[in-house]
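Trainee: Sequence:
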Amino acid sequence: MNKREYHEKLGKYFDLTLYYVSGKIVTPMQAELKKEGDPLMQLSEAEKNIIGILDCRGDQKIGDLAAFSKLSYTNMSKFVDRIEREGYVERYIDPECRRNVYVRITEKGKKLHGDFLDKIYEKAEERFDRLYTEAEQEEIMKQFEALLNMLSRFDEESEEK
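In my numbering, the protein residues as written are 711 to 871.
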C-alpha cells in the first residue's frame, strides 16, 4: 500500500471511529441523561464543550476557546457569560498582559463535568458488559491499548518541538 492509500484509509477509519463514538455510542447515552434531567445536558453544545475543554486542558483565553470551537469571539463570550452566571466558570485578566482574558473552570463546574462523566462511564460499562463476552472485552482492551500507544507518538512528537 502506498502512502496516499494509507492516509486515505486512515482518514476513513478516523471518521468512522468518531462517527461511532459520538453518533452511535455517546449520543444515545447523552439523550438518556438529558431525559433524566442531568444538569450538564441542559446546557448548549457550546457551553458543554467549554466546560469540557476547561476541565481537560485547564485555563484558556476566550479567543483560543473561540478558535477551537470555530465560533466568533463575540459568540464565545456570550456562551461564557451564561455559564459564568451559573457559576461553572470564571474569567480573570492576566496580570502580566491585561489584554488577555482567561476563563477557568470553577469547583462547581468541575463537579458538574465529573458527575456527567461518571454517569456516561457507568452507562458505557453497562452496555459493554451486556454486549460483549469477557474474551471479546479483553480483545477490545488490547486493541484500544495498541491504539493509545500509537497515538501517544503524536504527543511525544509535540513535546519534542
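Check before you lean on any hint, since a few could be wrong.
[Claimed, not checked] Mimicking BS3-like on lysine-lysine, the simulated pairs with C-alpha atoms at most 30 Å apart in a straight line are:
(1) Lys713 - Lys744
(2) Lys745 - Lys818
(3) Lys788 - Lys852
(4) Lys745 - Lys780
Simulated from the structure, these hints should not be mistaken for lab results.
Trainee: Could you run down the list of hints and mark each one as holding or not?
Mentor: How the hints compare with the structure:
1. Distance hint between Lys713 and Lys744 is unfulfilled; the C-alpha atoms sit about 44 Å from each other, more than 30 Å.
2. This hinted pair checks out: Lys745 and Lys818 have alpha carbons roughly 22 Å apart, not beyond 30 Å.
3. Note on Lys788 and Lys852: the hinted pairing is violated, with a Cα-Cα distance of about 43 Å set against a maximum of 30 Å.
4. Restraint check: the Cα-Cα separation between Lys745 and Lys780 comes to about 28 Å, which is no more than 30 Å; the hinted pair holds.
Hints 1 and 3 from the list above are not met by this structure, while the remaining hints are.
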